[in-house]
Amino acid sequence: MEPTNQPAAEQRSALVLHINGTPQRLTLDHRTTLLDVLREHLGLIGAKKGCDHGQCGACTVLVDGRRANSCLLLAVAQEERQITTVEGLAEGERLHPLQEAFLERDALQCGYCTPGQICSAVGMLREVADGFPSHVTPATADPTVPVELSTDEIRERMSGNLCRCGAYPRIVEAVEDVAAAGADGHPAGAAGRPGQGVA
Amino acid sequence: MNPHFPPGPPPYPLGAPLVRREGREKVTGTARYAAEHTPPACAYAWPVPATVARGRVTAVDTAAALTLPGVCAVLTHENAPRLATADDPTLLVLQEDRVPHRGWYVALAVADSLEAARAAADAVRVSYATEEHDVELTTGHPRLYEPETVNGGYPATRERGDFDGAFADAPVTVDALYTVPPLHNHPMEPHAATAWWSDGHLTVHDASQGSTKVCEDLAALFKLEKSDVTVVSEHVGGGFGSKGTTRPQAVLAAMAARHTGRPVKLSLPRREMPAVVGHRAPTLQRVRLGAGRDGVLTALAHESVTHTSTVTEFVEQAAVPGRVMYTSPNSRTTHRVVPLDVPTPSWMRAPGEAPGMYALESALDELAVALDLDPVELRMRNEPDTEPDSDRAFSSRHLVGCLREGAERFGWQPRDPRPGVRREGRLLLGTGVASATYPVLIAASAAEAHATADGGFRIRINATDIGTGARTALAQVAAAALGVPEERVGMEIGSSDLPPAMLAGGSAGMGSWGWAVHKACTALRARLRDHVGPLPADGFTVTADTRQETSERSPYSRHSFGATFAEVQVDTVTGEVRVRRLTGVYAAGRILNPRTARSQFTGGMTMGLGMALMEGSSLDPAFGDFAERDLASYHVPACADVPWIEAHWLDEDDPHLNPMGSKGIGEIGIVGTAAAIGNAVWHATGARLRDLPLTPDKVLPYL
Ligand code: FES
Ligand code: FES
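Same order as they appear, the protein sequences are chains A and B. Under the numbering used here, the residues of the first sequence are numbered 1 to 199, in order. Under the numbering used here, the residues of the second sequence are numbered 200 to 902, in order.
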C-alpha cells in the first residue's frame, strides 16, 4: 500500500514505471529503490532483499533485458526502462524454461535466492548470446559471436547471486539444461522447450 | 519392507524423489516470506544499534528523528512496552540502559515508509557512558571457567581412564592447537517480522525455524495466553540455526505494533545481523592423540576454549564428538568458556560437531602422517565396538562403510602420501579425507490427520520448511502411513495455531514431526478401516502426540556418520586454495526423499567449504563487535567456488530410531568437510595450517 503520510513535495515525484509490460503510475519518495517499489508498493515480492547493498543478487531483475541489482537502482531513474521481474517470466500457467529446470533439478532449497538466480540466468544467457566475455572466457574468443557456454562460464557468470543453502551445483545443471535445450532465455516469447531429459 | 508402514501400492511414496511441493511458488516468486506481508496501514521499523562496546545509555535524543516527515515513533528503553522476564535474556530489548556489546539494539524508529524509518533511525542521537571492554579470546584468559554443561546439555568435562599416563607412554603422539574463528549463519533471508494486534490477539509473521517456541516466548514476554498469539513461519529463507530460537525482530515488531497501534514490519539490516542473531563462537581447541605403532589410539584429549557474552551463557560443544568417534580407552574432553563483551553466540549448523570435528579430524590426519599410515585405514583401525563415552551399543554405525564407499567413488587410491609432489604448472594438488558424525535427536511433537468425506486427507502440524523439503517429505510419510497416493494428502505447516511441534533444528525436524504424523495417520487409517459406509460430512479427525515415545531414553547411542573426500589445488603464486572435487558419503538411516536429501547434504558440504576457505569473522579489539559483518566482507561460497560436489548415502536400516527409520541430514554435510579440505591442503603443500579459514595470506608464506 502507499504510505499514509507522503514525504514532503520536494522529496517525491510522480512517474510511470513499466513493470512486466504494465505501466504503473506512482508517486515515489526519491530515496525509494526499485526493489522497495516492487516489494512494498506493487506487491511484487518475487525480487528479494538479501542485503540491500548490491552484495548478494537476491534482488536481481531485468532492466531493458539486462540483469541488475534492483536494490542499487533508484526508482525515479527508471522511468523509460522496461523492468522484468520473476513474476513476468512465466506465460500464464506455462513456466519459463529456467523455472521448469530449477524445479526439475531441485536448484533451490529455501527459495529466497531463487527468483534472483532465475532472473540472473535469463540475463546471463542473453549476455552469452550477445558475446559478452567473462573472467573465464578465453582472450582469443571472438566477441561478435555467442560465447561457448562451458560449466566454468556458468559458474563464473552466476557468481553474483549468492545461495547460502548451497544449491549451486543444481543451479548450474538447470542452466545447462536450458542452454542445451536451445531456449534463448529471453523473458518474453522464449522459443525453447522446457529442459528435457534431465535426471 | 518397513513393518511400521502398510505395504504400499506403487508408486509407494516413502523414499520417492518427489519435487518440492512449494517449488512452483518459489520459482515464480509467489512464496511469501515474513517481511512480505503488508497489512493495511502497515508501518516500517528500523533499529538503532549501540555504537559502544560496553556501557550505559545516558540519553536518547529523538527530537530530530520525530520531526522528520512520516515518522510515527521512536521506541527506547524509556518508553517501550515493558516485557516480563524471558529465559533468553537476548530478547529483553529496550528494557534497560545497559549496553552489553556493540550492535545491541538501543532504539527502534517507526515510520510510514522504509525510507522514513531508516532516516529516523539515523537521526536518533544516543549518548553513552562507556566502560572498558574486552572482546579477545585467549587460551590463558584469566576469567575462563568450566561450565556445568555445554550446548546440547552435555557435561562440560568427561574423563575416562588415565589420559596423562597413556599419552606419556604412547610411542606416537600429536599435540596441536586448532582455531576456528567466529562464523556467521547469514541465511539469505534476513531476520524479519510483521506484527499486528487485533482485539488483544497478537499475530506475527516471523522468519523462524519453529513458530511454536516463538509463540510461547512472545506470550510469556507480553504476558498473554498462548492462544492469544499466532506466529506464522510459512516460508523461511534459511536459518542454519540463527532462526532456531526467538530473535529480537519478533519482539521489536510486536512492541512497535503495540506502541503505535498499527501493524509493523521489521527486517533486520544485513550488517546488523551478526550482532543480534547469534553466531558460531570461536574455538581454540587443543587436541592430543597418543597411539601405538599400529595406529590404535590409546589416549585422546580434546580441550576447547570458547567465548560467550555477558548476556547469557552459550558454550559451543566442540569437544563432544571425541566422546563418540574412536576407540579411546583413556580420554579427556573438556570445555572452558569466558564471558566477553561480545554478541551472544548461538547455534550455527552443527554446533559442536562442525568446529570439533575440524580439530579432531585434522589431528587424525596428523597422526596418520606421523605413523606413515593411510588416513582412511587409520580411521578404520579405531572403530569402537560401542560408544566410547557411554559404552552403549550404536543403534547403527556405518562409518567404515562410508569411508570404503567414499574412497571407491572418489578414487582415493592409489595415493602417494608424500606432500608437495603433485604439480600442474603453478598449482600444487592434494587430496584429503575426514569423517563426519551428528547425533540423532528427537523431540515430542503433535499432529492432526483428517480424512475428508470426498476421500482426501489433510495433515496439520507446526513443522517448518526452511528449505529442507519438510513439507514434501512429511506428505510422503503421511501417504505411506495412510496407504494412499501422495497427491491426496494436503499439508498444513508453519503456524503456531497448528498442533505444536519441534523446531527445524538439531537435524531433528523430520524424525520428530514424521513420528507424530505417522502416529496420527496410522490411527486414522485404523479408524477408517473400522468404519462402514460413507464418511460423515465433516470427515474424521485424529490427533496424536509423541510425548510418551520420545520421553524414553534410548538404550542405544544413535548417530549419523559420514566421510568426506576432497581434492584441492593450491596456487603457488597467489596462495589461493580452490576445491576441485568433494565427495561425501553418509549413513543417515532411511532417506525419505532423495531429491531434497541430496540438496541438504551438498548444501551442508558447501557451507563446510566456506568454513575451510573463506568464512571467518573477527572481533575488533578496539571497537568491539565483528569487523566482517556484511556479505562483502564476510565471504560465503559463490557459484564459482563450488565445483564438483557429490553426496551419496548407504542404505541403512536402523530399527531403533522412529517409524520411518530416518536420521537427520541437515547438518552432517558441514561436519568433516573443513578438515578434509585442510588435510588436502597439507597433502598438496606440506603446510599444516591449523587456523581457519585457509585464506591466501595464511597459505602463501609456506609456498
Ligand atoms: S538485495 Fe540487492 S544485491 Fe542483495
Ligand atoms: S535456496 Fe536458500 S539461499 Fe538459495
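These are calculated hints, taken from the structure and not from any lab test. Quick caveat: nothing in here was measured; it's all calculated off a predicted structure. Among these hints, one or two may not hold up.
[Unchecked claim] If we take Cβ atoms under 10 Å as the criterion, some of the chain A residues that face chain B in the derived model are:
id, residue
1, Arg31
2, Thr32
3, Cys56
4, Arg66
5, Glu80
6, Arg81
7, Thr85
8, Leu98
9, Leu103
10, Gly116
11, Glu148
12, Tyr168
Just so you know, even glycine gets a beta-carbon here, dropped at the ideal spot from N, CA and C.
Now the hints, each set against the structure:
The beta carbon of Arg31 (chain A) comes within 4 Å of a beta carbon in chain B, closer than 10 Å, and the hint placing it at the interface holds. Because the closest C-beta pair between Thr32 (chain A) and chain B is about 6 Å apart, less than 10 Å, the hint holds. Interface restraint check for Cys56 (chain A): the shortest CB-CB distance to chain B comes to about 5 Å, inside 10 Å, so the restraint holds. Contact between Arg66 (chain A) and chain B, as hinted, is not supported at the beta carbon level, the nearest pair being about 19 Å apart and thus beyond 10 Å.
Given hint, Glu80 (chain A) at the interface with chain B, is violated; its Cβ is 23 Å from that chain's nearest Cβ, farther than 10 Å. With a cut of 10 Å, the hint placing Arg81 (chain A) at the interface with chain B is violated, because the nearest CB-to-CB distance is about 19 Å. At a threshold of 10 Å, the smallest CB-CB gap from Thr85 (chain A) to chain B is about 7 Å, leaving the interface hint in force. For Leu98 (chain A), the interface hint holds, since its Cβ comes within 10 Å of a Cβ in chain B; the closest pair sits about 8 Å apart.
Because the closest C-beta pair between Leu103 (chain A) and chain B is about 5 Å apart, less than 10 Å, the hint holds. For Gly116 (chain A), the interface hint holds, the least distance from its beta-carbon to any beta-carbon of chain B being 9 Å, beneath 10 Å. A hinted interface residue such as Glu148 (chain A) counts as satisfied when its beta carbon comes closer than 10 Å to some beta carbon of chain B; here the least separation is about 17 Å, so the hint is violated. With 10 Å as the threshold, the beta carbon of Tyr168 (chain A) comes within range of chain B, its nearest partner Cβ sitting at about 4 Å, so the hint holds.
When each numbered hint is compared with the structure, violations occur for hints 4, 5, 6 and 11.
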